[in-house]
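Asker: First to last, the sequence lines map onto chains S and P. Quick note, the first sequence lines up with residues -8 to 271 if you use my numbering. Quick note, the second sequence lines up with residues 851 to 995 if you use my numbering.
Because the hints were derived from the structure by calculation, they are not lab data. Mixed in with the good hints, there may be bad ones.
Simulated crosslink set (DMTMM-like; lysine to aspartate or glutamate; CA at most 20 Å straight-line) [stated by the list, open to error]:
| id | chain 1 | residue 1 | chain 2 | residue 2 |
| --- | --- | --- | --- | --- |
| 1 | S | Lys151 | P | Asp990 |
| 2 | S | Lys151 | P | Asp977 |
| 3 | S | Lys151 | S | Asp169 |
| 4 | S | Lys148 | S | Asp158 |
| 5 | S | Lys148 | P | Asp969 |
| 6 | S | Lys148 | S | Glu136 |
Where chain P lies over chain S, by a calculated footprint (3+ residues, C-beta under 8 Å) [what the hints assert, rightly or not]:
| id | stretch |
| --- | --- |
| 7 | 57 to 67 |
| 8 | 158 to 164 |
Computed list of chain P residues with no C-beta within reach of chain S, every gap over 10 Å [unchecked claim]:
| id | residue |
| --- | --- |
| 9 | His921 |
| 10 | Asp966 |
| 11 | Ala976 |
| 12 | Tyr980 |
| 13 | Phe985 |
Every value quoted in this text rests on a predicted model; they were computed, and no experiment measured them. By construction, the Cβ of each residue, glycine as well, lies at the ideal position given by its N, Cα and C atoms.
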Amino acid sequence: MTPSLSDAASSDADLRPTRPSGTATGLATAEQSDIAGYALRLGDDALIYAQRMSGWIAAAPQLEEDVALGNIGLDLLGQARSLLGYAGTVEGAGRDEDDLAYLRDERDFVNAQIFELGNGDFGFTIARMLVTSSYQHELYAGLTESRDATIAAVAAKAVKEVAYHLDHATQWTLRLGDGTDESHRRMQRGLDALWPYVAELFESDDLIARLVAAGVAVDPESIATPAMAYVASVLARASVEVPQTHVRHTGGRRGVHTEQMGYLLAEMQYLHRSHPGATW
Amino acid sequence: MTTGEIAPEPTGQQPSGGQSTVEEPHDYTAAGGHGAVPTTGVPSERDPQGAARRDWPLWEIFVRARRGLSHVHVGSLHAPDAEMALRNARDLYTRRQEGVSIWVLPAEQITASSPDEKDAFFDPAADKIYRHPTFYSVPDGVRHL
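Please put together the full structure from these sequences, using the hints given.
Answerer: Next up, the structure:
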């Protein structure tokens, strides 16, 4: 992780908001804090997942896969920069993307727990990418129609990036599932470990409901069926079974996280906190 | 991944002299293995077949920079099959908008001239300067020549 987000993904600078676009579209002030909270959720999902993908660099099975996962992490980091920058602007408290990424504590992060889970083995990482990319693809495709111009613009760029992540996960799921006995076993076990965290992605709450009514957000429950239908179709082709479990972990949107979150934040934030304002 | 010259993969099995027989158990699980993702049952010793994972075939990559240009050889990479080779090529060789089209082909499908044959292949052309159009004066007004 880099000391400053702006150094890592500078090509996305054109998407950095200069003012709340909600103002331009006449959205009420009450919606402003909702929009800030919504952008923070999406931004935290992307940021935490980007940090996880960076953990594969120099650790993937092949050099080529190092680069592929690193590229995916950079896509996510670019999305995180746009969304966190926008969240800070709409919030109006003077916090920029670096403040939000590096100076919040664990309970202030509102990412879904599925993104913070440790990478596990390659099977788990691919299982997670298949589910989260399918979710994000439906989500961002819907958000291109958002009444909030900035969120719509971020989504229009992100949907193409996520489509590639989904393709990458699909290709690997098919190969692991239909590969050797060992690759099949790991793919299945990765899915089994992942499954209790999947449902949280499609949960709604009052904030979401208000923004859905305002035409800003996508109703997560409405995309659950198409997103999971795609996952199921890939798993069927890969001869991997859809796990059956009634266990559901949740709470990420309220700042409740797994044990692994603290370790992730310690690694991601320590440099910035030790050397405030450090840049390359 | 290698770059530059086409280097055929050695096809014979490498002698395993460099491999020690028994490794100490290592924990290779990423991210500390804390919490929800089970790590029990994940092999924590070095994979005895680890060398086999390096046996992905080599692919030569050709990228067309834009419409109207030819595909140009840009390098090579390893991938398990052609579809993954295309995707790896996208990540490795078109990160900075270098191309609009990618070809991949197995390196083993390329028949290359041998350095041993270099004299016979190429030297006979050396003294045939009349093959170069340098004996003609270009008339004024001829453009694009």
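Asker: So, for every hint listed, does it hold in this structure?
Answerer: Comparing the hints with the structure gives:
no. : hint                   : in the structure
1   : S:Lys151 with P:Asp990 : violated, 52 Å
2   : S:Lys151 with P:Asp977 : violated, 56 Å
3   : S:Lys151 with S:Asp169 : violated, 27 Å
4   : S:Lys148 with S:Asp158 : holds, 16 Å
5   : S:Lys148 with P:Asp969 : violated, 54 Å
6   : S:Lys148 with S:Glu136 : holds, 13 Å
7   : 57 to 67               : holds (count 3)
8   : 158 to 164             : holds (count 3)
9   : His921                 : holds, 20 Å
10  : Asp966                 : holds, 32 Å
11  : Ala976                 : holds, 41 Å
12  : Tyr980                 : holds, 48 Å
13  : Phe985                 : holds, 51 Å
Comparing the model with each earlier hint shows violations of hints 1, 2, 3, 5; every other hint is respected.
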